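> Spelled out, the chains give:
Protein chains: 2
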Amino acid sequence: MKFEVTILGSSSATPVYNRNPTAQLLNCNEKFYLIDCGEGTQQQLIRYGIKASKIDYVFISHLHGDHYFGLIGLLSSMHLNGRVKPIVIFGPQPLLEILELQFKYSETVIRYPIEFTAVEADTSVKIFENNDLTVETIILNHRIPCTGYQFKQKKRLRKLIIDKLEEDNIPHEYFPLLKRGIDLNLPDGRVFLNKDYTLDSDAPKSYCYCSDTLADGTYMEQIKGCTMLYHESTFLQEMLDRANQTHHTTALQAGQIAAEAGVEKLLIGHFSSRYKVLQPLLEEALSVFEHTELAIEGNTYTI
Amino acid sequence: MKFEVTILGSSSATPVYNRNPTAQLLNCNEKFYLIDCGEGTQQQLIRYGIKASKIDYVFISHLHGDHYFGLIGLLSSMHLNGRVKPIVIFGPQPLLEILELQFKYSETVIRYPIEFTAVEADTSVKIFENNDLTVETIILNHRIPCTGYQFKQKKRLRKLIIDKLEEDNIPHEYFPLLKRGIDLNLPDGRVFLNKDYTLDSDAPKSYCYCSDTLADGTYMEQIKGCTMLYHESTFLQEMLDRANQTHHTTALQAGQIAAEAGVEKLLIGHFSSRYKVLQPLLEEALSVFEHTELAIEGNTYTI
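Just so you know, the sequences run in chain order A and B. Those letters in the first sequence? Residues 0 to 302, per numbering that gives the first Met the number 0, in order. Those letters in the second sequence? Residues 0 to 302, per numbering that gives the first Met the number 0, in order.
To be clear, the hints were calculated from the coordinates, so they are not data collected in a lab. Any given hint could turn out to be false.
Intra- or inter-copy, both count: the list cannot distinguish identical chains.
[Stated by the list, open to error] Taking lysine-lysine pairs in the BS3-like style, the calculated list, with each CA pair at most 25 Å apart, reads: (1) Lys158 <-> Lys178; (2) Lys151 <-> Lys275; (3) Lys53 <-> Lys275; (4) Lys103 <-> Lys275; (5) Lys50 <-> Lys275; (6) Lys223 <-> Lys154; (7) Lys223 <-> Lys153; (8) Lys1 <-> Lys158; (9) Lys125 <-> Lys53; (10) Lys158 <-> Lys103; (11) Lys223 <-> Lys50; (12) Lys50 <-> Lys154; (13) Lys204 <-> Lys178; (14) Lys194 <-> Lys50; (15) Lys53 <-> Lys151; (16) Lys264 <-> Lys153; (17) Lys125 <-> Lys223.
For clarity, every value in this text was computed on a predicted model and none was experimentally measured.
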């Protein structure tokens, strides 16, 4: 099952040449989840040949413009391009008021339903679930209410050992039962033990998205052991005072958090516009956590 | 005196690859006037190496998103980049409410003054004047209130004929008077006639910006004889019904309007996303008005 994230923007606060404000597209089993939506996200989708119509879910972390100014344009274009299927949006409560005000004055009556759910920034709760994954909120600590998101794959069904099943002539109609871990006691007295015909499925993978936050580790429990952690790394450690003052994280701190949380992989982004070259940020995080990569626009990272 | 316009976006409604939504930057005597501000305008400024800090005036035509969704991001970045000097914004009254709502929820207290003036779409009035130009509104006919803008250079002072002035040893202190068209009757009885020492200045140039409108010509008086007319040309003439229905203009109609108004030059833009190649739009306008150019992003047109 595909589980990967494409970076559409990795700049903090203001865009700089070749870096757009924050936006990411998560692909889980060919369903598409947009995470944050800075200005120009719809242009980035076009640039990378991604159809906006594929997006069914949007998760906005907070109401600083570099994380949501692109949403009204994306929703408007979906409308103009004839979308009829609903879109599901999670974000801070006032987001809906902002969107509605702009639709009102453009006299736009959106053709498709917007299913909006307000998220609370001070509790961690499950906000979404489908056949593929669950989404829980992560409590972050920023200057305004800010929510991270944990996307966790569901435990898959057991894997069939086809060779063994064929060898013992086990009829196909029993396969769904075996996948669910059931032993078979047939009416004719034959017994097929599940353990002989199936293997455990892969461990469910998870992606934790921690946009703007002070690196105070209060969210440690929620990211512990995840497969891939995206963590903002706005500054180098030499700017620690500035990071604390603005409720942001340094690359070193992001690496330390990844190490402490025992995650498999770390992706760092939300780079300050002062950094034209990103290598020093990468090296700083790598110095404390080996499996770190930079969130580069247009790149897709397998979770 | 420099009087030129740089195209930052020429797409209608939705962005398409290589065409951003509408935005233009007028340079009049090294003062910068932003006309409309679609999503991604601040990225376009970066792309073309134009400092946003140079912009002191913004004119928004109407509240369809492709004409203003980029403004909140541009203003936010100006704030983050330390702007302190005021910015003057003209636009429909609700624009201020939309901006203020977004600043409120991001808890942004803008460091520089925003001097907002609401424009009325149903009257043509002078809304701005400085040493270089005057700006008057143009009444357009779109689905929602929509305002065009006429930027007209002021009549310059008369030009001195330096050789003649030196030949007759006329002191420098009289030059400002001569420039203003004054004849000199000196205390010693000498008389210097203005016509012998000065030439009339160049005729003032004007730029008329007609964003989204039905081509009903109701604004003909206001654009008559202007130096350069920017007129939207969303569709080809074969889409006339669609143009009428959506209150837009065809390239042929734009050419006809330019011809009827007796303008010197026509610039067409606001191209529908259905047109990947723009040449047919240009040819259609050229068939009725010779001095037509396409508004191509990144290009600067001398008025």
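> All the hints need checking, so say for each whether the structure fits it.
Hints, one by one, checked against the model:
1. Lys158 <-> Lys178: Only inside one copy: lysine 158 and lysine 178 sit 6 Å apart there, 92 Å across copies, limit 25 Å.
2. Lys151 <-> Lys275: neither (34 Å within a copy, 41 Å between copies)
3. Lys53 <-> Lys275: Between copies only: 23 Å across, 32 Å inside.
4. Lys103 <-> Lys275: Neither: 40 Å inside a copy, 31 Å across copies.
5. Lys50 <-> Lys275: Answer is between: at 17 Å across copies they meet the 25 Å cutoff, but 30 Å inside does not.
6. Lys223 <-> Lys154: The answer is within: 18 Å in one copy meets 25 Å, while 71 Å across copies does not.
7. Lys223 <-> Lys153: within (17 Å within a copy, 67 Å between copies)
8. Lys1 <-> Lys158: within (17 Å within a copy, 73 Å between copies)
9. Lys125 <-> Lys53: Within. Shortest intra-copy distance 23 Å satisfies the 25 Å Cα cut-off; inter-copy 47 Å does not.
10. Lys158 <-> Lys103: Neither: 52 Å inside a copy, 53 Å across copies.
11. Lys223 <-> Lys50: neither (33 Å within a copy, 44 Å between copies)
12. Lys50 <-> Lys154: neither (29 Å within a copy, 52 Å between copies)
13. Lys204 <-> Lys178: Close inside one copy (19 Å), not across copies (78 Å); limit 25 Å.
14. Lys194 <-> Lys50: neither (43 Å within a copy, 67 Å between copies)
15. Lys53 <-> Lys151: within (20 Å within a copy, 47 Å between copies)
16. Lys264 <-> Lys153: Only inside one copy: lysine 264 and lysine 153 sit 19 Å apart there, 63 Å across copies, limit 25 Å.
17. Lys125 <-> Lys223: Cα proximity of lysine 125 and lysine 223: one copy only (16 Å, versus 63 Å across).
Comparing the model with each numbered hint stated earlier shows that hints 2, 4, 10, 11, 12 and 14 do not hold.
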